[in-house]
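Engineer: Residues per chain are reported as follows:
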Amino acid sequence: MSVANAFTSGIRRVNHAPSLLVGVWLLTFLAALPLGLQVRAAIAESLGASPAAGAAARGVDYTWWQQFSEEATGPSKAFSPAIVGGAAVIDNLSSIIDNRSHEIAVAAAGFTYAIVWLILAGGILDRYARNRKVGSFAFFSACGGYFARFARLAIVAGLAYVALFAWLHGWLFDGIYPRVTANWTVEWHAFALRVSLYCLFGAALCLCNLVFDYAKVRIVVEDRRSVVGATIGALRFVRRRPGVLALYLIDGCCFAVVMTAYALAAPGARVSPWWTLAAGQAYLLARIWVKLLFYASEVAYFQGSLAHAAHLARPLPAWPDSPAADIADSPPAKD
Amino acid sequence: MRRLIQVLLVASCVALPRGPLATLSLGGEHPVAPSRSGGFSNVPAPAGARSARNANYAIEVRLRPATHVLDGREVITWRNISRVSTSELRFHLYYNAWKNNRSTFAREDRLAGFFPGPLREQDLGWIDVTSIRLVTGGPPVDLTAARRYLAPDDGNADDQTVMIVALPRAVAPAESIDIALEWTSKIPRTVARTGVIADYYFLGQWFPKIGVLEDQGWNCHQFHESTEFFADYGVYDVAMTVPRGWVVGATGTERSRRDNPDGTTTWSYREEDVHDFAWTTSPNYLDRRARFEHPGLPPVDMRLLLQPEHASQAERHFAATRAALRYYGEWFGPYPYGHITIVDPAWQSHAGGMEYPTLFTAGTRWLAPERVTSPEGVTIHECGHQFWYALVGNNEFEDAWLDEGLNTYSTARVIAEAYRDANRLDRRFLGGFVPYVFPDISLDRFDDDGLADYRRAARVDLPSVPSYRYWPNAAGTLSYSKTALWLHTLENYLGWPTFRACLATYFDRWKFRHPKPQDFFQVVCEVSGQDLTWFFDQVYRGTQVFDYGIDALRSAPAGSGDILEPSGRPASKRSPSGGTCHTQVVVRRYGDGVFPVDVLVRFANGERVRERWDGRELWKAYTYERRACAVSAEVDPGRVLALDVNPTNNARVVQPLARRAATKWMITWLVWLQDLLLAYSYFA
Chain A
1 MSVANAFTSG IRRVNHAPSL LVGVWLLTFL AALPLGLQVR AAIAESLGAS
51 PAAGAAARGV DYTWWQQFSE EATGPSKAFS PAIVGGAAVI DNLSSIIDNR
101 SHEIAVAAAG FTYAIVWLIL AGGILDRYAR NRKVGSFAFF SACGGYFARF
151 ARLAIVAGLA YVALFAWLHG WLFDGIYPRV TANWTVEWHA FALRVSLYCL
201 FGAALCLCNL VFDYAKVRIV VEDRRSVVGA TIGALRFVRR RPGVLALYLI
251 DGCCFAVVMT AYALAAPGAR VSPWWTLAAG QAYLLARIWV KLLFYASEVA
301 YFQGSLAHAA HLARPLPAWP DSPAADIADS PPAKD
Chain B
1 MRRLIQVLLV ASCVALPRGP LATLSLGGEH PVAPSRSGGF SNVPAPAGAR
51 SARNANYAIE VRLRPATHVL DGREVITWRN ISRVSTSELR FHLYYNAWKN
101 NRSTFAREDR LAGFFPGPLR EQDLGWIDVT SIRLVTGGPP VDLTAARRYL
151 APDDGNADDQ TVMIVALPRA VAPAESIDIA LEWTSKIPRT VARTGVIADY
201 YFLGQWFPKI GVLEDQGWNC HQFHESTEFF ADYGVYDVAM TVPRGWVVGA
251 TGTERSRRDN PDGTTTWSYR EEDVHDFAWT TSPNYLDRRA RFEHPGLPPV
301 DMRLLLQPEH ASQAERHFAA TRAALRYYGE WFGPYPYGHI TIVDPAWQSH
351 AGGMEYPTLF TAGTRWLAPE RVTSPEGVTI HECGHQFWYA LVGNNEFEDA
401 WLDEGLNTYS TARVIAEAYR DANRLDRRFL GGFVPYVFPD ISLDRFDDDG
451 LADYRRAARV DLPSVPSYRY WPNAAGTLSY SKTALWLHTL ENYLGWPTFR
501 ACLATYFDRW KFRHPKPQDF FQVVCEVSGQ DLTWFFDQVY RGTQVFDYGI
551 DALRSAPAGS GDILEPSGRP ASKRSPSGGT CHTQVVVRRY GDGVFPVDVL
601 VRFANGERVR ERWDGRELWK AYTYERRACA VSAEVDPGRV LALDVNPTNN
651 ARVVQPLARR AATKWMITWL VWLQDLLLAY SYFA
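Chains as they are written, first to last, in my numbering: chain A, 1 to 335; chain B, 1 to 684.
Don't read these hints as lab results, they were simulated from the structure.
Even glycine gets a Cβ: it sits at the ideal position worked out from N, Cα and C.
A portion of the hints provided could be inaccurate.
Ranges between beta-carbon positions, derived for each pair [said to hold, decoys possible]:
#: 1; chain 1: B; residue 1: ARG257; chain 2: A; residue 2: ALA182; range: 52 to 58 Å
#: 2; chain 1: B; residue 1: GLY245; chain 2: A; residue 2: ALA182; range: 39 to 45 Å
#: 3; chain 1: A; residue 1: GLY202; chain 2: B; residue 2: GLY432; range: 16 to 22 Å
#: 4; chain 1: A; residue 1: VAL180; chain 2: B; residue 2: GLN518; range: 49 to 55 Å
#: 5; chain 1: B; residue 1: ASP592; chain 2: A; residue 2: VAL22; range: 55 to 61 Å
#: 6; chain 1: A; residue 1: ALA278; chain 2: B; residue 2: LEU367; range: 29 to 35 Å
#: 7; chain 1: A; residue 1: VAL22; chain 2: B; residue 2: TRP619; range: 54 to 60 Å
#: 8; chain 1: B; residue 1: ASP421; chain 2: A; residue 2: LEU285; range: 35 to 41 Å
#: 9; chain 1: A; residue 1: ALA107; chain 2: B; residue 2: ARG659; range: 27 to 33 Å
#: 10; chain 1: A; residue 1: SER2; chain 2: B; residue 2: LEU367; range: 38 to 44 Å
#: 11; chain 1: B; residue 1: SER312; chain 2: A; residue 2: LYS133; range: 57 to 63 Å
#: 12; chain 1: B; residue 1: ARG659; chain 2: A; residue 2: LEU285; range: 45 to 51 Å
#: 13; chain 1: B; residue 1: GLY245; chain 2: A; residue 2: LEU245; range: 46 to 52 Å
Only part of the chain B face toward chain A is listed, based on derived beta-carbon distances under 8 Å [what the hints assert, rightly or not]:
#: 14; residue: ILE197
#: 15; residue: ARG365
#: 16; residue: TRP366
#: 17; residue: ARG427
#: 18; residue: PHE438
#: 19; residue: ALA452
#: 20; residue: THR648
#: 21; residue: LEU657
#: 22; residue: LEU678
Please take these sequences and the hints and turn them into a complete structure.
Structural biologist: Structure below.
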């Protein structure tokens, strides 16, 4: 299967499963809501009966904001100007790529969300691999069926990511970068170097992510039990097919387009909160759509590239039925 | 040649103003001033001099870039303008602050948490005075053996930033002596705004500098991490030899430039009535010129030494300098020198944001958005130091707040005038390189981090403690933020015309002199016609914290029996249909600082009642019987008390919008958090 076909197939698969998109968005919203309500309560308490609330409701009362930030505890510590408008996405991107730590409450929420995502990933990949409607029962069955394997894979992936952030990032940005630029006096030269290192680190990160994505795909599509085997298989698959990288790059461009568009068009602090809500959630829907596109296009590419994905892993179509079995029933899935 | 040197030196040392010493060459025997009758001489400041000119320098220095070494020699003509005799001289040797990792500077740096680690051998700097000779009267007297180091502030034996030299006999008041020194310096990797990085050199505090003799004795402090400098005024003639093709900028104006056979160029600069001399050199500077002209103020030639990567920001530097020269000139007094040099320091040089007479370093970034006042803020601030510090020469070791505070206050005022619509908040991301401007967040005179900074450390130390002895890291808060806030408060309290007159009087009375805090207080009290001791006692001699707030606002129809706390119910609907409304306002002093404040109560029918409270008691209640209920109460409605650490509690309304605001900001925050959660899911 060509990269373009896999990409368009991925788009179709995501679009044909809108409930997944909405479900993930809802999950993301609900995961953030408890902390959001905490922050809301803290803001309301801080403003009290002060007329500063009026200024804050209409726009920004920066005097109050500074005071609030100094007194903030828990998730409210993360209530900084960086949340306003397009800065929000730049801040989050920067926090990842600069390896900045987050407030404990926020980090805990992120960790919990990642685990929930781990649970759902099996069901999502299963749905895209089947490329047909499945009921919620089958979806959650698949989630449960693959969770143990995905959890084991997460340990392996976690070790890889820890190595990347603790070692590679530290080496690049705390070792090489300051050493090389120590006597540089031209800022844009240093910025160019930093961007190069971002690209290097980003490439390592993406490669790692790509391998573990395909490991998940192989676990689901081939019903693999061994995560080590799946990871090695994914490595082999990535190594032998440059199209994998091209597809990832195309998906990544979609992500960049969505993020850039929002960064440029995000509403500021003076617009109606409902417009902020609408624009923000529309952006998040688009972002989730892109994230699902990664999965769907990777599944499509894998299924279209490897013959045994359709023919060899062929368990009985019994519960929990494997997507390979589905494909075996109606081979091969041509989009 | 040697004879010529002697003649030139005599001309420069004896008859002020002197000529340049560009023809002197380093490496030969040091020229000696001829003897004068009676040994030490009595040389008064020349007529027409703006300052006492009692510390005059003729310096020659050669830069050896390959080894980062300066070879220098100087003749200091020093006159004792105190009422006491002295039998010793004290000199600052600032470069020895980086001679080792045990100096007072290094120790204080570690205490403040700034110290990244021990300085590497190649980054160290030092100054080694190789020869000291008394060259006034009779044959030169070699005093080199009589030198020793002193640590008057902390007794640190490892600190060699103060050198003491015993004299063969005392110098009486009004007597003058000439001292010739030779030295070699290793230029440190840029630290504390001086040093070298790559081929960028900024040389500040680079030469042996005589201390200030006061009636109480020598005022010659060691180099401290959190404070700056203090010196007497004089005339500086400096010849700097650097590789040919390198650009030089320095205090004063260029008098001559001469190419030498050895591939170097000697630049000669001169300035009168200044208390310091700094210079910079690099082959990379862009040299731009412009002129400041404004009705009622003397013109000023501006020279900008710019980093090539900031070429597009030249006009921003000039515009900011113009704004400073204009507003400071109009408000306080004209800038008298007629020329100023703005240095754009190299990236990572740590030389930005520093003031020297007629020369200052600004500081900008490669990406510098228009609506953010950078480089404007630092340019105005450092240019402003020409007034507060270079002209009004307070002791920065002991009373740093006197120039830093006044200048921070003045800078904020200039920015408010000149950049009213262009002072937005920004944050930098991606390694601190990429700026993001928040168009909806404007900064005002108080928001610019001053109040937040002060609030965090309001009680950390007494401002009246000598600045060099402040609690580590407290200098910024006390000297800059707190002082600026209480100056804003004074302006609001006295009114701008009165306060401007205070500052203008202080400027005029103390320019080219060394004022003490009491001199400033005295001028303010005198010009305002008020005894403000109660205020200065709290903000300067005390650590009182100011916080006034509305404790309660109750308003209900008379006889209804219920007392209304702010409830969110529209006050107008609770207005009495025919009777009166009973309103009670309780104002509270939460802090220990006392300041008279206004209390403003607004009623639903548009009526306003303004009360004056002396602010002494812990609380004060006001009750009203009106035809309408109250809608809001506010203490200090004009925000006179800029020092109030909690402005949010200054007012209460009966229709609070807190929930609406909280919902709005929760929505905004949620988008940010959801985006972050999705970022986390990348790793799942």
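Engineer: Evaluate each hint against the coordinates.
Structural biologist: A quick look at each hint next to the structure:
no.: 1; hint: B:ARG257 with A:ALA182: 52 to 58 Å; verdict: violated (33 Å)
no.: 2; hint: B:GLY245 with A:ALA182: 39 to 45 Å; verdict: violated (25 Å)
no.: 3; hint: A:GLY202 with B:GLY432: 16 to 22 Å; verdict: holds (18 Å)
no.: 4; hint: A:VAL180 with B:GLN518: 49 to 55 Å; verdict: holds (53 Å)
no.: 5; hint: B:ASP592 with A:VAL22: 55 to 61 Å; verdict: holds (57 Å)
no.: 6; hint: A:ALA278 with B:LEU367: 29 to 35 Å; verdict: holds (31 Å)
no.: 7; hint: A:VAL22 with B:TRP619: 54 to 60 Å; verdict: holds (55 Å)
no.: 8; hint: B:ASP421 with A:LEU285: 35 to 41 Å; verdict: holds (36 Å)
no.: 9; hint: A:ALA107 with B:ARG659: 27 to 33 Å; verdict: holds (28 Å)
no.: 10; hint: A:SER2 with B:LEU367: 38 to 44 Å; verdict: holds (41 Å)
no.: 11; hint: B:SER312 with A:LYS133: 57 to 63 Å; verdict: holds (58 Å)
no.: 12; hint: B:ARG659 with A:LEU285: 45 to 51 Å; verdict: violated (27 Å)
no.: 13; hint: B:GLY245 with A:LEU245: 46 to 52 Å; verdict: holds (50 Å)
no.: 14; hint: ILE197; verdict: holds (6 Å)
no.: 15; hint: ARG365; verdict: holds (6 Å)
no.: 16; hint: TRP366; verdict: holds (4 Å)
no.: 17; hint: ARG427; verdict: holds (6 Å)
no.: 18; hint: PHE438; verdict: holds (6 Å)
no.: 19; hint: ALA452; verdict: holds (4 Å)
no.: 20; hint: THR648; verdict: holds (5 Å)
no.: 21; hint: LEU657; verdict: holds (4 Å)
no.: 22; hint: LEU678; verdict: holds (6 Å)
Hint compliance for this structure: hints 1, 2 and 12 are not met, and every other hint is.
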